[in-house]
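Quick one: dock chain against chain with the hints and give me the complex.
The listed protein sequences derive, respectively, from chains R and Z.
If you use our numbering, the first sequence corresponds to residues 121 to 496, in order.
If you use our numbering, the second sequence corresponds to residues 8 to 325, in order.
Mixed in with the good hints there might be a few duds.
[Claimed, not checked] If you only want the chain R side, here are some residues facing chain Z, beta carbon under 7 Å, derived:
#: 1; residue: A320
#: 2; residue: F321
#: 3; residue: L324
#: 4; residue: L325
#: 5; residue: I328
#: 6; residue: L329
#: 7; residue: V333
#: 8; residue: S400
#: 9; residue: V406
#: 10; residue: H408
#: 11; residue: G434
#: 12; residue: L440
#: 13; residue: P444
#: 14; residue: S457
#: 15; residue: A467
#: 16; residue: T475
[Claimed, not checked] Stretches of chain R that chain Z covers, calculated by requiring three or more beta carbons in the stretch to come under 8 Å of a beta carbon on chain Z:
#: 17; segment: 309-317
#: 18; segment: 460-466
#: 19; segment: 476-482
It is worth saying that the hints were derived from the structure and are not from the lab.
Yeah, the Cβ is synthetic: ideal placement off N, Cα and C, and Gly gets one too.
Here are the chains, one letter per residue:
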Amino acid sequence: MDTRDTESGTPLNDTGTDTPLKPGQGQGPQTANGHALQETAHATTTLQTRPAIKKSNRTTSPFGESMRRFRHDLRAMVSLCFFIVIIIVALVGPPIYQHIGGTMQSDLNGPIGPTIYHSYDHQELTRQYEGPSAQYWLGTDNLGRDLFSRLMQGLLVSITVAFLVEIVDIFVGVTIGVLAGFYGGAIDIFLARFTDLIFAFPGLLFVILLSGVIGTSTSDLLAQLPIIGPLLGNGNAPLLIVSLALALVSWPMMARYVRGQALQIKQQDYIEAARTVGTSNFRIIVHHIVPNLFNIVFISATLNVAGTIIGEAGLSYLGLGVRPPGSSLGLMISDGSNILNIHPWVAFLPTIALTLIVLAISFIGDGLRDAFDPRS
Amino acid sequence: MAQFLIKRFIGLIFIVLGVTFITFILGYLAPGDPIKETMGDHFNLQTWEHLRHVYGFDLPWYQQYFNYLANLARLNLGTSFHPQQRPVWDIIKDGVPISAELALWGTIVTLLLGIPVGIWSAVKANSWIDTLNMGFALVIYALPAFVLAIFVQFIIVWANNEGFAWPVTGWGTPWQYSWSDIQYKLLPVLTYGAAGYAYYARLTRTTMLDVLRQDYIRTARSKGLRERVVIYWHAWRNALIPLVTVIGLLLGLLVTGSFFIENAFGIPGIANIMVTSAFQRNYPVIQATTIMIAMGVVVGNLLSDILYTLVDPRIKVE
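With the rest of the complex left out, here is chain Z (with noise of 0.2 Å):
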């Protein structure tokens, strides 16, 4: 178990570099010169030298680069362009506890919605609720996550209009959970848990139809075990390896879906703070947005990795 933790956990560093070096050459090749722009009207060749070589600008790339990852190393995430001058931990840190809590209880949502109706529709395979239930989640998956949150957000509309009170954007306090805090994220929450809600559903079904069938479900019933047994305790014990070995792909999805949940609903997260500094061209924002939102995907796979060995028993024997 040992050795498959290590495997992984190297491959992994292979990612981090991957991921800092696609980053970082991006924004190094991107078009458009930042001091330049900053002095603006009052351009000057001597400050301009002077300047690049103040912010490293002029040494060679694989300098650059090697200077980026110590600076990372060191949790200095740079400072962002004009207009805002700022350090670029000033301008992510609030958007990073936002996003935690929004990820945090979107995976909830996914995780306590989909498996409990996937193995509903599992048990009662082929009856109108299965059907009913599948076609739903169908729906639900294939539609993008900013078409559900138009949606949920014209209910919303609708409803206020006739006497609800109830916001449509905007995000209360984070990770406080006063009736005001939940009127705004109980809504964003599940439209964003929707997705992995739709697959995780498909998903235990299928486990668990293939689960059910086997010889020892059999056998469990001949011994005379009631049925609530034999389903949670044998049957869903072993449908949990394929969901486990899931996660990195929901955090796939949990990552997409918050670019547009949070645009959506107008989440200051840093999703959103991703996407203003893209369309701003802040290059250092992007960058350190990126690498945090990647680093968030490769800790969930190992974690995931790490709940895996826990889950499944035959790793341990390799």
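Just chain R, same shape as in the assembly (with noise of 0.2 Å):
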């Protein structure tokens, strides 16, 4: 019976011959149940007379199931791809792009490289509204620039406000929500309260609000601080207003997952074992809980990275984020909503932009919520 079973290949018990168990792999009896189930596995592979089955390579880690999964899905994985370009043509393409192209006889500066004319905010305002041509890759807007290095800005400005907003939101998001867990008392109530606060006060209100009464003036201010004062100008320093209050409203979403799988992994009895044997607090929450709380952070920051992008844009649609000269894809979508009805090119370029980036971003978070949390 027992020879039977491994010839077909199916394990005797989850926990398999290959790897022992390691504290916080799986929710099921670790201790002395684990151990029990592992002799019996070792017992009944030693009465066998043929060899064993061979050993595959393949990890039995959770993070690397969940990643086989994550691989599985093609949506997923299709949208992962995109995305990486997507950062790639953002990073590296302005550079390149601004030397492809010979010399340029311009109308009103005269002849001009790629350097120049490749740039997001040179205007070129005898060649409006062009379709595009092999000097223009995707033709030029209402004031001759080119469309496709402003396309390039505004997505490295996504994707900009997206990565400073996680940070922001991981660090914020998860220091606060691991302490309201795992002490309780007065942080978990003042982070019940301030959530409420947030969730009734809907979260772009609260951007608008705070763009409009710190954004104008300050941009002035940050431009002339010392080392990232020359990053901001260009109509830029609202980028880092905007990513400010981002991460103002979205810290205690991801603080709130947190602190509810923070409760659950406290519950665990190798929490109390680390206890009994003298670890200090904060021991136990940078080395128990914390690594345990790397799906939940994952997805929530990748869910709420779409969120972001969307916030971003719709700000510098209504004209509160990036200002001109400089180019965002809210930005480009409203100076191209006034000419729509004889040029729509000129808004739908950054439409359908923005339409794949967060439906990329949507596919990927929800092939990973599907990977690495099957059960919701």
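Written out as structure tokens, the structure reads:
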């Protein structure tokens, strides 16, 4: 009977004979029972006369399993590839693009090279609304600016804002969530009230409030900061404000997820075991709780990126985000929407780009959630 | 049930205080001096100090906050900054009925279209109808409101070029429904309700599927009841509960959407006024519109809680 089981390849128990259970791996019985099951498995395999099945090199850690599930999700993988392509284009596209093309004889500016006319803020007022051509790969907008470089700059802005927001979101959200879940008490109450307030106060409302109150005047101030000042020139200073505002309204959600997960982890036996041995609270948090938050933080952050990109585009659309001559997807859409009846392409290009990015991130997030948390 | 409502009400008071405080403190901390800007070239130190005293800008912040709250309670929203110098209420009062109308119709569209589509998809689960509906809802939900608005406007513009005469932007007379008014209002309302529609369609489908798997549905069917009765009487009433709890989220979606829809379609509602005043750094108007919108959300949440106690009989027992 035992040999038949092993011949057919079905493992006799979940843990298998490959790797021993590690604390934190799986939610099932761990200490005494786990060992007991393992011993039975070892005992059975020594009875068989034929050599055991060839050990596969497949990793059995939960992370590995989840990654494997993710890899098999076609929609998520395609979206991930698309997203990586977008990031690469946004980062290295502009420098490369600015070296493609010969010198152009501009009507107003004399002979100029691609470094100038392929930059996102250079205006060629005699060449408005052109369609895609060899020189301007995706055409020009209402001020004769190259749409392709504006698109790339807009993508860069979106990615930068999303990155900044997620960093703050993860750090603040995880810290406060873990403290609220682990210690409870005052921090927990504060988090609950604050989350209620943020939920009652629709995020965008607050972001517009912040941008309106702080936005315009501080951009001049920010442009004078020592190191990051020049980066923030050109109408990009509102980026920092926008990122701050968006991060402020997204961390409560992350903190809530983390708090729930931390509460769950706190109940586990190995936490109590660690406490019995005398591990300090700090070490418990850092070594046991935080690593097990990885799944939920990862999923939550990815799903939040889509909302952040939409938020930034929306703010720029309303005129409260990146200002001209800077470029953002929302700003391009807003500029193009005035001329929809004659030149729809100018608005459609950023619209399609934004749509594709948001859909791609949504699919990636859904795929991650299905792969890492199949119960939900 | 009364206890539940009282607890919620007290929580809401805290939220009201929090919202007014945040709005006030941001205005207080904001850079720029309105009096100086209004005086411009006629700046005179004595007049400046006098005006500061008159407007109460030289009081400590907690006293200013208290005065602000007191004024709010008396429904005095203050005077706007340059260049208008009109009472804030004057500026806002036209926008309130417009935004209210838009929100009302948007909610109706969401509920009247979203819920039936959700039920239909649940009943025909995993068929091509289901996949089509849910795919459509997913795309609409993922797209931001202004993107949808652009698509809709493009379609109108293209139709206009073909000889159709449909207005692209603007809002007819508030709360009037002549044919011209309907022409103005139909598409913005549909676009406005689209995000909510997608959310409700997906949620209703999930909830209905859960409910249809329950034992009491099987009992109802084995009793020989007609399928229609089973679905609309037994299943749907139980699926209502999560739908009602989610009205708060719907309000959030509505508020967020309103900024973009009003901007894209040129509707002079409250959200549009808020954006314009944010642009002009007209703090009293920003504060007033923020508080109005936040109060709308708060009241809506309270209504949804009341509705929830009516719909879920288990609450009465607690």
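Hints, one by one, checked against the model:
With its C-beta approaching chain Z no nearer than about 5 Å, A320/R sits inside the 7 Å limit, and its interface hint holds. Contact between F321/R and chain Z, as hinted, is supported at the beta carbon level, the nearest pair being about 6 Å apart and thus within 7 Å. Of the supplied interface hints, the one on L324/R holds, with its beta-carbon coming within about 4 Å of a beta-carbon of chain Z, less than 7 Å. Restraint check, L325/R versus chain Z: the minimum CB separation of about 6 Å is within 7 Å; hint holds.
Hint status for I328/R: holds, given a least beta-carbon distance of 6 Å to chain Z, under 7 Å. Interface hint status for L329/R: upheld, as the beta-carbon distance to the closest one in chain Z is roughly 5 Å, under 7 Å. Satisfaction of the interface hint for V333/R is found here, the shortest Cβ-Cβ separation to chain Z being roughly 5 Å, below the 7 Å cut-off. Given hint, S400/R at the interface with chain Z, is violated; its Cβ is 36 Å from that chain's nearest Cβ, farther than 7 Å.
The beta carbon of V406/R comes no nearer than 33 Å to any beta carbon in chain Z, farther than 7 Å, and the hint placing it at the interface is violated. The restraint placing H408/R at the interface with chain Z is violated, with a minimum CB-CB distance near 34 Å, outside the 7 Å limit. Given hint, G434/R at the interface with chain Z, holds; its Cβ is 6 Å from that chain's nearest Cβ, closer than 7 Å. With a least beta-carbon distance of about 6 Å to chain Z, the hint placing L440/R at the interface is held under the 7 Å criterion.
Checking P444/R against chain Z by beta carbon gives a least distance of about 13 Å; that is not within 7 Å, so the hint is violated. A distance limit of 7 Å between C-beta atoms decides the matter here; for S457/R the minimum to chain Z is near 6 Å, and the interface restraint holds. Given hint, A467/R at the interface with chain Z, holds; its Cβ is 6 Å from that chain's nearest Cβ, closer than 7 Å. Because the closest C-beta pair between T475/R and chain Z is about 6 Å apart, less than 7 Å, the hint holds.
Check result for the segment 309-317 of chain R against chain Z: holds, 3 residues qualifying (beta carbon to beta carbon below 8 Å, three or more required). By the rule of at least three residues with a Cβ nearer than 8 Å to a Cβ of chain Z, the coverage given for the segment 460-466 of chain R holds, with 3 such residues. With 3 residues bearing a CB less than 8 Å from a CB of chain Z, the segment 476-482 of chain R meets the requirement of three and the coverage assertion stands.
Checked against the numbered hints given earlier, this structure breaks hints 8, 9, 10 and 13; the rest are met.
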